[in-house]
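Note that the protein sequences, when read in sequence, are chains D and C.
For the first sequence, the residue numbers in my numbering are 1 to 324.
For the second sequence, the residue numbers in my numbering are 325 to 648.
Calculated from the structure, these hints are not laboratory results.
Heads up, some of the hints might be wrong.
SDA-like cross-link-like pairs, simulated, lysine to any residue; straight-line CA separation at most 20 Å [what the hints assert, rightly or not]: (1) Lys217/D x His556/C; (2) Lys413/C x Lys5/D; (3) Lys541/C x Ser276/D; (4) Lys413/C x His556/C; (5) Lys645/C x Arg255/D; (6) Lys5/D x Arg20/D; (7) Lys321/D x Arg307/D; (8) Lys103/D x Asn60/D; (9) Lys427/C x Met273/D; (10) Lys210/D x Arg222/D; (11) Lys217/D x Ser600/C; (12) Lys365/C x Ser135/D; (13) Lys427/C x Ala83/D; (14) Lys541/C x Met273/D; (15) Lys103/D x Glu411/C; (16) Lys89/D x Lys427/C; (17) Lys89/D x Glu426/C; (18) Lys41/D x Val460/C; (19) Lys103/D x Ala407/C; (20) Lys321/D x Ala83/D; (21) Lys5/D x Lys534/C; (22) Lys534/C x His556/C; (23) Lys645/C x Asp101/D; (24) Lys645/C x Lys534/C.
Per the computed footprint, the stretches of chain C lying under chain D, defined by three or more beta-carbons under 8 Å from a beta-carbon of chain D, are [said to hold, decoys possible]: (25) 393-401; (26) 405-411; (27) 574-587; (28) 597-606.
Glycine included, each C-beta is placed from N, C-alpha and C at the ideal position.
2 protein chains.
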Amino acid sequence: MATLKDVAKETGLTVTTVSRVLNNRGYIGEETRQKVYDAMKKLNYQPNEVARSLSKQTTNTIGVIVPHIRHPYFAELISCIEAAANERKYKILLFNSGDRDEKELEFLEMCSSNRVAGVILCSGTVEVNQFEVLSVPVITIERNPEHATASVECDNLEGGRLAARHLIESGCRNLIHISGVYGTSMPADQRETGFVEVCEEHGIRHCELKTNEMQYKEGDYRGFIEEALRDHPEADGIFASSDLIAAQAIQVCARMGIAVPERLKIVGFDDVMIASLTTPAITTIHQPIREMAELALSLLMEAGAGRSVPVRTVLPVRIVKRES
Amino acid sequence: MATLKDVAKETGLTVTTVSRVLNNRGYIGEETRQKVYDAMKKLNYQPNEVARSLSKQTTNTIGVIVPHIRHPYFAELISCIEAAANERKYKILLFNSGDRDEKELEFLEMCSSNRVAGVILCSGTVEVNQFEVLSVPVITIERNPEHATASVECDNLEGGRLAARHLIESGCRNLIHISGVYGTSMPADQRETGFVEVCEEHGIRHCELKTNEMQYKEGDYRGFIEEALRDHPEADGIFASSDLIAAQAIQVCARMGIAVPERLKIVGFDDVMIASLTTPAITTIHQPIREMAELALSLLMEAGAGRSVPVRTVLPVRIVKRES
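Next comes chain D alone, as it looks inside the complex (with noise of 0.2 Å):
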C-alpha cells in the first residue's frame, strides 16, 4: 500500500509539505495542492485512519453494546444510533453481550484497549464501578445511570400511566399487567408502577406478572401468557411491557378464540416495527427512540469535549393507537 513517503517522493514535494496539503495546514499554492493529489489517485493512496487515531490517542469511533441485536427494540436502537453517529463522522463497533456480565466487562475492555471517543451501553446491569477504568464518557440507554456518565432514558412511569388509561377509558375492568424481568432493577420497571397507580386511583383490578430470564433471553413468552389467561379468565386488557410480548399475546389469544380487541385489549411498549406488522396492529407506548439516540450521542459529544452533562435526562412518551 502507498505511503506519505511514496507520494513524496513522486511529487518530489517534502513529507512535511504533502502532510500539510492532507490536513490543510498552512498555506499551500494551487499547483502543489494538484500535483499531491494526482500523485495520491496515481499510487492509489489511502490516510491511515490507525496511525492518526495514534498520534490523537483517540478514535472517531463509538463502542455501542446492547444485549440482543435481533430483537427489534435494540435493531432500532442501533439503526438511530449509526445514523446519529454517521451525521457526526463517526463509526459504530458493535457489541453483543447476551445480557452476560462477563462479555459486557469484556466489551468495555476492548472498547478501551482500542481508544474509542465513548461507549453507549444499553446492556445489563454490570457491576458500574468496574466503568472506572474507563477513561472515556459511557453513556448509558434505558439502564441504571450509577457511575455512569449520564443515562437516558423514556418516561416510563408516565408510559405505564398512558397505558392503564386507555385501557380503563376502553372499557376493560381486569387487567394484567405482564412485564419483562432482567433480575435486576430497571427504568422500565417504573412501567409497572405507573400502570398500578393508575389502576388503584380509578379502584380497578389489576395483577402483575413477572416473565423470567429464560423467556427474556429466549424471546417467547407464550406459554407463559397462556397460563396468565387461564389461571385469569376474567381478564379483559393486558399491558405488555414490550411490543413483542404484546405480538405473542395476539398470538395467544387467537389460539383460545379471544377476539382481540373485542374481548380483550392489549397495549405495547417500544413502538417498534413489529407493533405494526401484527394483525391486529399493536396499540402502542412511543418511545422516542431516534431522539434517544441522538441525545446519547450529542451527551457523548459533550462530555468528551470535557463539558459537564446532565446525568439523567428522561424524554417523553405518548400513545399511538392502532387495532388492538
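Go by the hints and put chain C onto chain D.
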C-alpha cells in the same frame, strides 16, 4: 493513561522485557511475570490496540455494510455476523448505507482508511470495480459477486420452487408472487425463476408483481398488496419474497375480509423473527442465516491469510410450515 514505559519504570525492568511478558514471547521467569502483572494492575495499564494495529498494518476489525439495520432480515444477519466475529476475537464496525451508492463507497473508503481485516458487504450494487481500491477481502452476502473476493448466497432458485410446490400441494390454483425490487439484478431474483418454473410444470395460473424501490425503502407494501388483490380477486395463494411482505399481506387480507389460510395461503421468505410473531404465523422459506454469516467469516479469514477461496457458495434452504 499509563504507558508501557510507566509499567517498566514501576517494575525496574526494561520496556523490552515488559513487552515480552505482554506478548508472551521468549522465556520469562514466573516472578518477573507476576511483577509486571502487579504493576499493570496498580497503574491501571490498558494495552493500546491502536498502536499494535499500526505496527501490524491491520486491525482485528471487520467492516459490515448493510442497507437497513432495522429490517428484521438484516438485524438477524448482523447478530449472526457479530457472533461469528466475536468467536474469532474480531470486532465489527457497522455501517448503514440506506442502499445509497455514494454511502457504500464512502463506507468502503472508511473501512480502508481504518485498515479493517476485511469487509462483509450485504448492501446494494455499487459499481464493483470500485472495490479494487480495497486491498482486503470483500465477501458479499446475497449480492451479486462480480469483483468481490467471494459471495455467499442461499439457494434462492430452490426456495422459489419449494414455495410454489407447497402452495400447489395445498390446493392453490391461482398464484401471485410479490418480489422485492432492488433496482438491479440480485441473487434473490432467482426466487421468481424457481416459482415460475414449478407453476409452468403444473400448469398453474401465476402472475409476478414487482414492488418498487420506494416501497422497499419505506418497508410499506400494504397499498401495493391491496391493489394486487383487487386486480386478482381469483388469487388463492401468495408467495412473498420476504417475511416482511408476508406479514403485511396477512394484515391486508384481514382488512379485506379474506381468511388466511382458508381462502388464501401465504408463503414468505427468510424465516426471521417476524415470521413466528404474526397471527397466523408465517409459513416460510428458511434462509440459513447463521451458517451464511459463519461461512462469510471463514472465507474472510482464509482469503486474508492469502489462501484461495471459492468465489461463490450457495447454501441450502428449507420450508418451515407454520399457519399461513
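Here's how the hints hold up against the structure:
| no. | hint | result |
| --- | --- | --- |
| 1 | Lys217/D x His556/C | 43 Å, violated |
| 2 | Lys413/C x Lys5/D | 33 Å, violated |
| 3 | Lys541/C x Ser276/D | 16 Å, holds |
| 4 | Lys413/C x His556/C | 53 Å, violated |
| 5 | Lys645/C x Arg255/D | 17 Å, holds |
| 6 | Lys5/D x Arg20/D | 13 Å, holds |
| 7 | Lys321/D x Arg307/D | 40 Å, violated |
| 8 | Lys103/D x Asn60/D | 23 Å, violated |
| 9 | Lys427/C x Met273/D | 24 Å, violated |
| 10 | Lys210/D x Arg222/D | 13 Å, holds |
| 11 | Lys217/D x Ser600/C | 16 Å, holds |
| 12 | Lys365/C x Ser135/D | 15 Å, holds |
| 13 | Lys427/C x Ala83/D | 12 Å, holds |
| 14 | Lys541/C x Met273/D | 14 Å, holds |
| 15 | Lys103/D x Glu411/C | 12 Å, holds |
| 16 | Lys89/D x Lys427/C | 12 Å, holds |
| 17 | Lys89/D x Glu426/C | 15 Å, holds |
| 18 | Lys41/D x Val460/C | 19 Å, holds |
| 19 | Lys103/D x Ala407/C | 12 Å, holds |
| 20 | Lys321/D x Ala83/D | 27 Å, violated |
| 21 | Lys5/D x Lys534/C | 53 Å, violated |
| 22 | Lys534/C x His556/C | 15 Å, holds |
| 23 | Lys645/C x Asp101/D | 37 Å, violated |
| 24 | Lys645/C x Lys534/C | 25 Å, violated |
| 25 | 393-401 | holds (count 5) |
| 26 | 405-411 | holds (count 3) |
| 27 | 574-587 | holds (count 3) |
| 28 | 597-606 | holds (count 7) |
Hint check: violations occur at hints 1, 2, 4, 7, 8, 9, 20, 21, 23, 24; the rest are consistent with the structure.
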